[in-house]
Amino acid sequence: GAVVSQHPSRVICKSGTSVKIECRSLDFQATTMFWYRQFPKKSLMLMATSNEGSKATYEQGVEKDKFLINHASLTLSTLTVTSAHPEDSSFYICSARPSSTRDRTKETQYFGPGTRLLVL
Amino acid sequence: GQNIDQPTEMTATEGAIVQINCTYQTSGFNGLFWYQQHAGEAPTFLSYNVLDGLEEKGRFSSFLSRSKGYSYLLLKELQMKDSASYLCAVRGIGDYKLSFGAGTTVTVRA
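Sequence order for the protein chains is Z and V. Going by our numbering, the residue at position 89 of the first sequence is 89; the numbering climbs one at a time, nothing skipped. Going by our numbering, the residue at position 40 of the second sequence is 40; the numbering climbs one at a time, nothing skipped.
Below, in silico cross-link-like pairs of lysine-lysine (BS3-like), each with a Cα-Cα straight-line distance of 30 Å or less:
1) K81(V) x K57(V)
2) K41(Z) x K97(V)
3) K97(V) x K20(Z)
4) K41(Z) x K81(V)
5) K42(Z) x K81(V)
6) K20(Z) x K41(Z)
Calculated from the structure, these hints are not laboratory results. Note that the coordinates shown come from a computational prediction; the quantities given were computed from them, not determined experimentally.
Work out the full structure: start from the sequences and follow the hints.
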């Protein structure tokens, strides 16, 4: 149980285009999902908290107009990188926190497998 | 804010024990997590401490001292597959956000 998927796993795009990344909780509902980015050999940096049915909360320094987040259902959150540039190339990881306490183990978040974005 | 420190790299021999330390200075504390991350993959949950003391789970144990802002992850009977990055993460009060340390890369040698 507690599986989170991400799609696509890898994407290469041209500078100036937009890329959408999906994060799905497959066997549980998640009111809250988180989006992180990770540079090579660096830690995960929280970008934003995605809440079902409401606006996402962005961390300081993260442009909300550049990284659009939509949490349309209890099992799906999307991150759209708009007008991507080479400096946006990174590993994007989502995580999901189960809504039900029955599904929670030690209050942890469950991570997706990540999406590697390369902007040329 | 959160300031979380852990060593960058550690090397150990197969079958040995390695202890990864993590110190933190946070504006609020509501639990400390350890995750394992293999290169190019997502982190996987290893342990969670919210009270002082030792939590043991098979070959892995985690310790927390809240007064000292200190935790460690102990890996026993090291196996080659344990070569990975180990991330220490602290959860703040009032939300479920995690702040991660930079990670410790453990290399297990035969």
